[in-house]
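Student: Sequence:
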Amino acid sequence: MELPFAESWKIKMVEPIRKSTREERERWMKEAHYNVFQLKAEQVYIDCITDSGTGAMSDRQWAAMMMGDESYAGASSFFRLKDTITRLTGFTYVIPTHQGRAAENVLFSYLVKAGDIVPGNSHFDTTKGHIESRKAIALDCTIDEAKDTQLEIPFKGNVDPKKLEKALAEHADKIPFIIVTITNNTAGGQPVSMQNLREVRAIADKYNKRVVFDSARFAENAYFIKTREEGYADKTIKEITKEMFSLADGMTMSAKKDGIVNMGGFIATRWEDWYEGAKCYCIPFEGYLTYGGMNGRDMDALAVGLDENTEFDNLETRIKQVEYLAKRLDEFGIPYQRPAGGHAIFVDASKILTHVPKEQFPAQTLTVELYLEAGIRGCEIGYILADRDPVTRENRFGGLDLLRLAIPRRVYTNNHMDVIAVALKNVYDRREQITKGVKIVWEAELMRHFTVQLEPVK
9 MELPFAESWK IKMVEPIRKS TREERERWMK EAHYNVFQLK AEQVYIDCIT
59 DSGTGAMSDR QWAAMMMGDE SYAGASSFFR LKDTITRLTG FTYVIPTHQG
109 RAAENVLFSY LVKAGDIVPG NSHFDTTKGH IESRKAIALD CTIDEAKDTQ
159 LEIPFKGNVD PKKLEKALAE HADKIPFIIV TITNNTAGGQ PVSMQNLREV
209 RAIADKYNKR VVFDSARFAE NAYFIKTREE GYADKTIKEI TKEMFSLADG
259 MTMSAKKDGI VNMGGFIATR WEDWYEGAKC YCIPFEGYLT YGGMNGRDMD
309 ALAVGLDENT EFDNLETRIK QVEYLAKRLD EFGIPYQRPA GGHAIFVDAS
359 KILTHVPKEQ FPAQTLTVEL YLEAGIRGCE IGYILADRDP VTRENRFGGL
409 DLLRLAIPRR VYTNNHMDVI AVALKNVYDR REQITKGVKI VWEAELMRHF
459 TVQLEPVK
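If you read the sequence shown in the working numbering, its first letter stands for residue 9, the second for the next number, and so on.
Since the hints were made in silico from the structure, they are not lab data.
Heads up, a few of these hints could be off.
[To be verified] With beta-carbon atoms standing in for the labels, derived distance ranges:
#, residue 1, residue 2, range
1, T29, K121, 49 to 55 Å
2, G341, F45, 25 to 31 Å
3, M9, G341, 44 to 50 Å
4, Q203, E284, 18 to 24 Å
5, K38, A177, 37 to 43 Å
6, V430, D181, 50 to 56 Å
7, A180, V430, 40 to 46 Å
8, P12, A122, 35 to 41 Å
Beta carbons are placed, not taken as given, at the ideal position from N, Cα and C, and that holds for glycine.
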């Protein structure tokens, strides 16, 4: 008999979590203006709002923190991190930042100007925000198949080469670079194939453009290439990682994901001019070049985390747990972005809350209902996150409307996945009775989903 699958780690330390009553959750949700970002962590039973900075570090990472060099300039921790990044990616220039959006802010301050067009595959919220705040355009060139949540294809996060070619043919003089998000978060944590990265590289070379990878979950992308793409089954994750980054000119990284640290990020590139340009913004925005917003101890923990999480067993444990939750939802007939992504399940709210008009934000309504049901906090990746069109100021309803259940790394057991699945089933079973959603009573001009205030539609 084949042995069942088990985690590639064992538990050394635990943190208690608290259940709450429905009455408490209704009061807390009202106080939070029906925005789960405004809830206190202690009011949450199972927290799936993000996998960013919420993972559990390994014993080797904790040990590495004790070796942290907190020197302001020239810290040995920086050089250990730089050596690890160069070994994994081939990029020789590294700038640490305090997180991924800081890396975008520093690099884009140098590269993006008003009137520019930045094509890519489903720019995530901060990426789009950093582009649009500079009066530039984030042009989505994702394959159309990503919009069909029930379609199962192995690399649903791919860039559409025809869309990208058209953008460059028409607007080459306005395009400072191409960005590829690996994995594609907005499309449902979907991977990008090595073949597609080669196609993007070829188009970029044709028009003499550079390519940036938004690399928060690059290791998960490498796992999917290994397990789904022909010719990579016998390659290691580190070999695949090196090949992926050979097709890029630079990267931004939120290390809070695949680096498995609580805070941190970086820029890396093979181009000295990008490094020289970006470092002029690092010093005033983040800090000196050898710490850039990170403690020495966190840089050491990140160096170990990057090394550990580019090993197959660690990634397999993580992705198998997401697949486990997907299989439970399959049992209940609950629609989500298929196939299951690497870091989260993206539940298709538009197929569940069919009586809630899009103007009343079905995915946000489903997010609220799941929290009220069981104290589980997810995150809307949909019409609220999409923000308003920067020109017309109309809500953007053209994309997917999803409830993301992001699974922190090495934090929850499959028993927690069972609770999530059954709680979602309970909401799904009463979906016909949910006919009204929420409306916005206050919103920020940019990246509104973090602070938006809502109330139920009467």
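Student: Please go over all the hints and tell whether each is borne out by the structure.
Tutor: Going down the list of hints, with the structure as the test:
1. T29 / K121: 49 to 55 Å: Between T29 and K121, where Cβ atoms are some 53 Å apart, the hint holds.
2. G341 / F45: 25 to 31 Å: Holds - the Cβ-Cβ distance for G341 and F45, about 30 Å, lies within 25 to 31 Å.
3. M9 / G341: 44 to 50 Å: Distance hint for M9, G341 is violated at roughly 30 Å.
4. Q203 / E284: 18 to 24 Å: violated, 33 Å
5. K38 / A177: 37 to 43 Å: For A177 against K38, whose Cβ atoms are near 52 Å apart, the range 37 to 43 Å is violated.
6. V430 / D181: 50 to 56 Å: holds, 55 Å
7. A180 / V430: 40 to 46 Å: Because 52 Å falls outside the window, the suggested range is violated.
8. P12 / A122: 35 to 41 Å: violated, 56 Å
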